[in-house]
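Asker: Taking the hints into account, I'd like the entire structure generated from these sequences.
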Amino acid sequence: MLVLLMGFVLAGALLLWLKTDASPALGLSLPTELQDLITLALSIVVEALPFVILGALVSVIVRLFAPTQRILHLLPKRPLLRRLSISLFGTFMPVCECGNVPVARGLVIKGLSVAESTTFLLAAPIINPVTVLATSQAFRLDPSIVWVRMGGALLIANLVGGLIALHKDQRELISKGFYNTLCEVEAADEHHHHDDHEHDHHHHTSNRWRDRWQEGIVIFRDEVSLMLKVLCLGAVIAGATQVFVPRDVLTSLGGDPFLSILAMIALAFIISICANVDAFFALAYSNTFTFGSIVAFLVFGPMIDIKMLTMMRTTYKVRLLAVITLLVTLSSILIGLVVNYAL
Amino acid sequence: MRFRALADARSVSLATYFAVLLFNVYTLSLYFNQQLTLYIHPRYILFTVAFNAVSLVACGLGFVLTVWRMGTAPSKSGTAVASPGSVSSLGWRPSFTVLVAGLVLVAAYALPARTLSSDTADQRSANFNSIEAQPSGSGAGSGAGSDTLALFGAATSRLNVAEWAKAFNLRSNPDAYVGKEVDVVGFVFHPKGTPEDVFYVSRFSVTCCAVDARPIGLPVYLPGWQEEFEEDSWVRVTGSFTETEEEIAEPVIVAPENIEPTEQPEDPYVN
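As you go down the protein sequences, you meet chains Z and S in turn. Going by our numbering, the first sequence opens with residue 1, and the numbers climb by one from there. Going by our numbering, the second sequence opens with residue 1, and the numbers climb by one from there.
The set of hints was computed from the structure by calculation and includes no laboratory data. A quick note: this is a predicted structure, and the numbers were derived from the prediction, not measured. Where a beta carbon is used, it is the ideal one built from N, C-alpha and C, also for glycine. Please note that the accuracy of each hint is not assured.
Said to hold, decoys possible - Selected chain Z positions facing chain S (in silico; Cβ < 8 Å):
#, residue
1, 4
2, 6
3, 8
4, 9
5, 10
6, 15
7, 36
8, 43
9, 45
10, 46
11, 54
12, 169
13, 221
14, 281
15, 322
16, 325
Answerer: See below:
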């Protein structure tokens, strides 16, 4: 054990030394493409990390402290209304999409079906207050875009949720790793119940609280580290695509009412930008690209992109992700076309 | 496979805390070295620092608790606290994602913090007129643009590239600009399709993080600039606006009085 601890201390010291002294001295000069790739990847990680941490904290609260059972109990029983209410959960969560994956996992652990969790996951990043505020700030000259965006998100989320709900065995859609977590949590819950019966409540209240905080830290660690891993992967892929795929391939298509939509959706997929800030990014394209394609970008981006898919992969099966991606893509294109041709 | 041997649940638990801590320490060290703005927009600094600090405390506590528990109860494995959850479900092995995350960490610590290079500027502006930047600060404060315009009466030489770009967006009448003094720092940049005698003194504008950085710039009229300045080198341009016949999108062009090479500023992006 001591050896292990020494190892940590040494590794930490080495990295700190690299950070403070060595990195300028080594004067490593990488090819500019590689350097830009690293800068872009790090900027995504640094930018998204606090959102991941916030999301993990919300997830801890949902799993340990929130009266989730009571809230879930209050939900309408009819599936359609139930999903509609769930798709509105995001209004109370100022977390963008990377933070929502751990929250969605927490909700499934609390007993939501996979269909319901995806409804939440698809709608939440767009109807959350921060995103709404950012979008209305960015498009002050064109406030209608906020409503189209929110409406589109709720529509797609409920549509996709409704279709997934048709699948009989919801647990079949969960990834292996997350399925194991579910089973462990259930086993642990039963364990807790036994404890409750065996021991006197009053004696153990303080203990229970301490246990809960410690359990909270463990959940926090697991959620953050899991999201961080896939975030790094997504960031590297997004950075590489930005550096190596010329943007003019995408932007030369900007004026075409149909191709511009495809281009903006492809762009949203590649850059994997957070929903809380993507409106400002989209703004930069609003002069060159059709209005419908901007809407498609704003609806599609928070739901599906490289980073989101890698993160959702921790929880859902690839087959399910393929179906969701297809459905979201098609409906986003449709919404874009309606805006371009009918409005 | 010494890793395997070491990888009992608690070592993995420690290593996980440690890895998260490394990311937090990296981000906070960027803050203390004032390099956070190389990666993200200043408006996220407080948010980023605060939540990394929270994570630092939580994971530091978790790390210490795990070590402490190792010391006190070496044989008693997995209490209700340590076990449900997950270490095993993470299936710790040096998987592909762990390797990538490790590489990102090494790159983060081993390489000096850098801005985006001009290659990316080229790639991004080939199709965007560099001045099409919208009032990017609009999220932060309402009327940032009108504040800029209000400054017109006073010392316009204090305005930076981004503030001029915002002004151009709000008011395109050349009369508003002609004769105003300009004193800006940026890199020399010649987007595709720009007239030969014109270059742009440019900066990257960042709204969220370096991922969405886009170049913006002021046009400068200087026949033969190619012989004096290398593209992408940093310069300080002083002069004043005049009307122009050159085919550019901006209402006016800078007639330079002086252009001198300069160092890349500490905060190379503008907002």
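Asker: Next step is simple, just say for each hint if it's right about the structure.
Answerer: Evaluated hints:
1. 4: holds, 6 Å
2. 6: Residue 6 of chain Z check fails; min Cβ-Cβ to chain S is 12 Å, beyond 8 Å.
3. 8: holds, 5 Å
4. 9: violated, 10 Å
5. 10: This interface hint is violated because 12 Å lies over the 8 Å limit.
6. 15: Status holds, d = 5 Å.
7. 36: Because about 5 Å separates residue 36 of chain Z from the closest Cβ in chain S, which is inside the 8 Å limit, the hint holds.
8. 43: holds, 4 Å
9. 45: At about 6 Å, which falls below the 8 Å cut-off, the nearest Cβ of chain S leaves the hint on residue 45 of chain Z intact, so it holds.
10. 46: holds, 5 Å
11. 54: OK, holds: residue 54 of chain Z within 8 Å of chain S, min 6 Å.
12. 169: violated, 21 Å
13. 221: Interface hint status for residue 221 of chain Z: holds (6 Å vs cutoff 8 Å).
14. 281: Status holds, d = 4 Å.
15. 322: Violated - the Cβ of residue 322 of chain Z stays beyond 8 Å from chain S, reaching only about 20 Å at its closest.
16. 325: violated, 20 Å
Going through the hint list in order, the structure does not satisfy hints 2, 4, 5, 12, 15, 16.
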